[in-house]
Amino acid sequence: DSGVTQTPKHLITATGQRVTLRCSPRSGDLSVYWYQQSLDQGLQFLIQYYNGEERAKGNILERFSAQQFPDLHSELNLSSLELGDSALYFCASSAADSYNEQFFGPGTRLTVL
Amino acid sequence: SQQGEEDPQALSIQEGENATMNCSYKTSINNLQWYRQNSGRGLVHLILIRSNEREKHSGRLRVTLDTSKKSSSLLITASRAADTASYFCATDEGAQKLVFGQGTRLTINP
Numbered sequence: 104d105s106g107v108t109q110t111p112k113h114l115i116t117a118t119g120q121r122v123t124l125r126c127s128p129r130s131g132d133l134s135v136y137w138y139q140q141s142l143d144q145g146l147q148f149l150i151q152y153y154n155g156e157e158r159a160k161g162n163i164l165e166r167f168s169a170q171q172f173p174d175l176h177s178e179l180n181l182s183s184l185e186l187g188d189s190a191l192y193f194c195a196s197s198a199a200d201s202y203n204e205q206f207f208g209p210g211t212r213l214t215v216l
Numbered sequence: 522s523q524q525g526e527e528d529p530q531a532l533s534i535q536e537g538e539n540a541t542m543n544c545s546y547k548t549s550i551n552n553l554q555w556y557r558q559n560s561g562r563g564l565v566h567l568i569l570i571r572s573n574e575r576e577k578h579s580g581r582l583r584v585t586l587d588t589s590k591k592s593s594s595l596l597i598t599a600s601r602a603a604d605t606a607s608y609f610c611a612t613d614e615g616a617q618k619l620v621f622g623q624g625t626r627l628t629i630n631p
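Line by line, the protein sequences are chains S and Y. Going by the working numbering, the first sequence opens with residue 104, and the numbers climb by one from there. Going by the working numbering, the second sequence opens with residue 522, and the numbers climb by one from there.
It is worth saying that the hints were derived from the structure and are not from the lab. Accuracy of the hints is not assured; some may be wrong.
[Unchecked claim] Chain Y side only, calculated, beta carbon under 10 Å to chain S, not exhaustive:
#: 1; residue: GLY561
#: 2; residue: ARG562
#: 3; residue: HIS566
#: 4; residue: ILE568
#: 5; residue: LEU569
#: 6; residue: LYS618
#: 7; residue: GLY624
[Unchecked claim] Quick list of simulated restraints, FRET-style, between CB atoms:
#: 8; chain 1: Y; residue 1: LEU596; chain 2: S; residue 2: GLY145; range: 16 to 26 Å
#: 9; chain 1: S; residue 1: GLY145; chain 2: Y; residue 2: GLN535; range: 25 to 35 Å
#: 10; chain 1: Y; residue 1: SER549; chain 2: S; residue 2: ASN162; range: 18 to 28 Å
As the structure is a prediction and not an experimental result, all values here were calculated from the model. Just so it is clear, CB atoms sit at the ideal spot from N, CA and C, and this is done for glycine as well.
I would like the entire structure built from these sequences, with the hints used as guidance.
Written as structure tokens, this is what we have:
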């Protein structure tokens, strides 16, 4: 158990819908990272927050957004969903920045029908 | 963008044998990390090697780093069935983010 929790574990929805994925980092970790893992694209970095502020951005679509709240939990919002958004979405946390090891949550499996 | 590229993509060996996986990357790095992922689960951090280190050990794991060749290798000795997983290298691409390779799928046969 990494100490990072993600909800929900599974999510099935339809194209055009909007969903919110939630992540709670390990106690004391200030950085939260979001990744998307699909068969064709591999593990792609989406975005990082550090102590409530956006720190780095990766291959995140404009339809996706994220935020980190004062209690350090984070939410990833996916809107106007497309079939290609079906993937595993992982959250990870670290004490500081990506130079340190990251602790991954169990992931949310999103299926868009 | 893909920074780390693992080789081979898949590896199948007998229990007790050693497994070696390689990773190549393109730009300069501060550190390189190896992670393991069991099927459909989150990644687990295995080891981090800094750019000024050449070799690091952790239990049955041995990681080497050659910055002149921009490559790293992960050796798992005396493999066990529980080592069956996908292994990823990850490099820091500046800008506070990790970039993962496509991974090596390791299968340990009993």
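Now the hints, each set against the structure:
1. GLY561: Cβ of GLY561/Y sits 7 Å from chain S, so the hint holds.
2. ARG562: At about 6 Å, which falls below the 10 Å cut-off, the nearest Cβ of chain S leaves the hint on ARG562/Y intact, so it holds.
3. HIS566: 4 Å, holds
4. ILE568: Holds. Min distance 9 Å.
5. LEU569: 6 Å, holds
6. LYS618: 5 Å, holds
7. GLY624: With a minimum Cβ separation of about 7 Å from chain S (threshold 10 Å), the hint on GLY624/Y holds.
8. LEU596/Y <-> GLY145/S: 16 to 26 Å: Given range 16 to 26 Å: holds, Cβ gap about 23 Å.
9. GLY145/S <-> GLN535/Y: 25 to 35 Å: 28 Å, holds
10. SER549/Y <-> ASN162/S: 18 to 28 Å: 21 Å, holds
Every hint from the earlier list agrees with this structure, and none is contradicted.
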